[in-house]
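Trainee: Chains A and B, in that order, give the protein sequences. Under our numbering, the first residue of the first sequence is numbered 1, with each subsequent residue one higher. Under our numbering, the first residue of the second sequence is numbered 315, with each subsequent residue one higher.
A portion of the hints provided could be inaccurate.
Stated by the list, open to error - The following residues of chain A were derived to be distant from chain B, with all beta-carbon distances above 10 Å:
(1) 53
(2) 54
(3) 66
(4) 73
(5) 89
(6) 263
Stated by the list, open to error - Quick list of the computed label-pair ranges, beta carbon to beta carbon:
(7) A:73 x B:542: 33 to 43 Å
(8) A:73 x B:599: 18 to 28 Å
(9) B:610 x A:262: 54 to 64 Å
(10) A:131 x B:487: 38 to 48 Å
(11) A:114 x B:491: 55 to 65 Å
Hints in this document: simulated from the structure, not taken from any laboratory. For each residue, glycine too, the CB sits at the ideal point set by N, CA and C.
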Amino acid sequence: MAPPALRLRGVRKAYGRRVALDGLDLTVPAGALCGLIGPNGAGKTTAFGIIGGVVRPDAGEVDLLGEGPFTPVRHRGRVTLLPQDAALPAAVPLRSMMRFYAQLQGMTAGAATRAADAVLDEVGLADRAGSRVDQLSHGMKRRAAVAQALLGAPALVLLDEPTAGLDPDLVVRMRNLLRSRRGSTTLVVSSHVLLELEAICDHVVFLESGRCVREGPLAEIAGAARVLRVVFSAPVAPEAAARAFPGRAASGEGTCWSVPLHPGESAPAGLRSVLEAAWAIGLEPTEVRSGEGLEAAWLAGRISGSPPLMSRGP
Amino acid sequence: MTLRDVLLVARFSLEEGLRSRRSLVLLALYLVGSVAGTSILVEVIDQMESQAAQALAVSSAGKPGAMAGRLLQAEAVAEVLGGLLGDRALAASLLDVPPVALFYGWLALLFVPLLVALTAADAIAGELGSGAARFVLFRTDRASWVVGRAAGHALLLAAGLGLGAAGAFVTGAAALADFDAAGTAWWLLRLTGRAWAYGLCWLGVVVGLSQLVRSGWKAGGLALGALTAAGIARALLSHPKVVEAAPVAAESARLLLPGAHRLGLWQPAALPRWTAIVVLLSIGTAALAAGHAVLSRRDA
Numbered sequence: 001m002a003p004p005a006l007r008l009r010g011v012r013k014a015y016g017r018r019v020a021l022d023g024l025d026l027t028v029p030a031g032a033l034c035g036l037i038g039p040n041g042a043g044k045t046t047a048f049g050i051i052g053g054v055v056r057p058d059a060g061e062v063d064l065l066g067e068g069p070f071t072p073v074r075h076r077g078r079v080t081l082l083p084q085d086a087a088l089p090a091a092v093p094l095r096s097m098m099r100f101y102a103q104l105q106g107m108t109a110g111a112a113t114r115a116a117d118a119v120l121d122e123v124g125l126a127d128r129a130g131s132r133v134d135q136l137s138h139g140m141k142r143r144a145a146v147a148q149a150l151l152g153a154p155a156l157v158l159l160d161e162p163t164a165g166l167d168p169d170l171v172v173r174m175r176n177l178l179r180s181r182r183g184s185t186t187l188v189v190s191s192h193v194l195l196e197l198e199a200i201c202d203h204v205v206f207l208e209s210g211r212c213v214r215e216g217p218l219a220e221i222a223g224a225a226r227v228l229r230v231v232f233s234a235p236v237a238p239e240a241a242a243r244a245f246p247g248r249a250a251s252g253e254g255t256c257w258s259v260p261l262h263p264g265e266s267a268p269a270g271l272r273s274v275l276e277a278a279w280a281i282g283l284e285p286t287e288v289r290s291g292e293g294l295e296a297a298w299l300a301g302r303i304s305g306s307p308p309l310m311s312r313g314p
Numbered sequence: 315m316t317l318r319d320v321l322l323v324a325r326f327s328l329e330e331g332l333r334s335r336r337s338l339v340l341l342a343l344y345l346v347g348s349v350a351g352t353s354i355l356v357e358v359i360d361q362m363e364s365q366a367a368q369a370l371a372v373s374s375a376g377k378p379g380a381m382a383g384r385l386l387q388a389e390a391v392a393e394v395l396g397g398l399l400g401d402r403a404l405a406a407s408l409l410d411v412p413p414v415a416l417f418y419g420w421l422a423l424l425f426v427p428l429l430v431a432l433t434a435a436d437a438i439a440g441e442l443g444s445g446a447a448r449f450v451l452f453r454t455d456r457a458s459w460v461v462g463r464a465a466g467h468a469l470l471l472a473a474g475l476g477l478g479a480a481g482a483f484v485t486g487a488a489a490l491a492d493f494d495a496a497g498t499a500w501w502l503l504r505l506t507g508r509a510w511a512y513g514l515c516w517l518g519v520v521v522g523l524s525q526l527v528r529s530g531w532k533a534g535g536l537a538l539g540a541l542t543a544a545g546i547a548r549a550l551l552s553h554p555k556v557v558e559a560a561p562v563a564a565e566s567a568r569l570l571l572p573g574a575h576r577l578g579l580w581q582p583a584a585l586p587r588w589t590a591i592v593v594l595l596s597i598g599t600a601a602l603a604a605g606h607a608v609l610s611r612r613d614a
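In isolation and in its complexed conformation, chain A is listed as follows (with noise of 0.2 Å):
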């Protein structure tokens, strides 16, 4: 069995009196789309840094690829970061600067024009590879900086809001990047929008207050094997929802209810069940999503507040 990708125990870092992060656990499988999820101050980007191997824990244990904690000599090239709010060298043509980075990689000068061509090709910033990085708009630095992490084959890319300030192309667009890189690249992507990493992650971690407070797949986080939920035409009463789902405790108001499945119903038996259900008493469906989402899971899980919320994979 492959070891995780990344693998953080008792992991803790203070600033002055300003614990960022206090026994940080977390694991993430080889090959994942990881979301890392949390508030402002949560201890994301500290978390990061340690990872990369640019800020150092006070104390805990970081394990990257099953090969201990990061060294430039050991990692470089297979470990890569996306830093929150780092600016990227100003005066440089960006092809000139992808190609320093390839080669700081320990790629030959050949392969490094490949690669960062292929790349800046990939982020759709191929016609401005030679302008200067401080004749690019937000979103065009923000790219350069997302290509940046993707330059050659990294078995371990983190990436901190990689879609901060881009305009809604540009976020389905970088989706699709991240989602052609799963599975071969093991991919740790932080950000405060949940429904974009409800789109591309398969594993997701909660922090908080520099803990991590809930882990696991995604379906799981998000109750996928458990809930459906359900968006209607028209609002629906609780005592027309109690008559359509007798036995479920579908809870919800309005358009949106979320119907539990049966212990042991599979997903598609479910849905059959309560679709069949709903029109048997007029109501109709206009949407059907398997799991709370993980807005709700993360809604739940502040409210609830504290450990045990703990839910690991296998």
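With chain A held as given, fit chain B onto it using these hints.
Mentor: Same frame as chain A, but now just chain B:
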């Protein structure tokens, strides 16, 4: 630390420096200063020769420089200069240097610490502050990065000093009579190299300090503060009362300051000159290493 990474970082830093508006403006100002300084020297020579010609009731030459060259070869000038420097051999060797090269050497040694402080203070701190360092530090180790950044700035400094020397040469060639082009070029090359060695010492100090903070402005303040403090310390340690009270301690402390070895760079004999260069490079390396000892333990 790997040589390949150091060279890659140095080349990129040089490219960055040559494309940076601030660096280009500073190098241009240095070039203008060199040309303006040489022009003032030519003007002074011209006035001196005109007054001498008036006093002797002879007609002055069209271009300045012909009379001054001969005057500087006079035995009396060597004696006066030897008395001022306290070293007759040094005075005699200085009088052998063409005036433009001599002037540029003095100018470069005077201003190179300031040029280094203004161009290289943010070499590390600026990158840490902007976060640009984070794009590099998961690709190479901190020592390679710091040494590479310093090497890039060393090359930029060499380019600046070379540019200033070229400006002085062209100005002198255009304005002076009996201009010794070959001799001036040779001496400009030698003195530029010595000024570079002096600049490398200050570069080590400035980049060493740059590793202590996370802001280019703070690093600039530290660098200028270090220049000022070194000047004050040198003056204090050379004060007769201090020398009299603790001669060994004062001299030992003074030798730790880069300025104490500046005169050694002018020495005609190779041994004292190279001793000064080695000591200067050692001071710079020690300062760089001390800064790195701090950076290697802190967050980037």
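Trainee: Against each hint, give a clear statement of whether it holds in the structure.
Mentor: Now the hints, each set against the structure:
Chain B draws residue 53 of chain A into its interface by the beta-carbon criterion, the shortest separation being 6 Å against a cut-off of 10 Å. The claim that residue 54 of chain A lies off the interface is violated: its Cβ sits roughly 4 Å from the closest Cβ of chain B, which falls inside the 10 Å cut-off. With a least beta-carbon separation of about 18 Å from chain B, residue 66 of chain A lies farther than 10 Å from that chain, consistent with its non-interface assignment. With a least CB separation of 7 Å from chain B, residue 73 of chain A falls inside the 10 Å interface cut-off, contrary to its annotation.
With 10 Å as the threshold on Cβ separation, the claim that residue 89 of chain A sits away from chain B is violated: the shortest Cβ distance comes to roughly 5 Å. Chain B leaves residue 263 of chain A outside its interface by the beta-carbon criterion, the shortest separation being 47 Å against a cut-off of 10 Å. For residue 73 of chain A and residue 542 of chain B, the hinted distance range of 33 to 43 Å is satisfied, since their beta carbons lie about 40 Å from each other. Checking the proposed 18 to 28 Å range against residue 73 of chain A and residue 599 of chain B shows it holds: the Cβ atoms sit about 23 Å from each other.
Evaluation of the 54 to 64 Å hint for residue 610 of chain B and residue 262 of chain A yields a pass: the beta carbon distance comes to about 60 Å. For residue 131 of chain A and residue 487 of chain B, the hinted distance range of 38 to 48 Å is satisfied, since their beta carbons lie about 41 Å from each other. One distance hint, 55 to 65 Å for the beta-carbon pair residue 114 of chain A and residue 491 of chain B, holds here, with the actual separation near 59 Å.
The structure does not agree with the numbered hints 1, 2, 4 and 5 stated previously, though it agrees with the rest.
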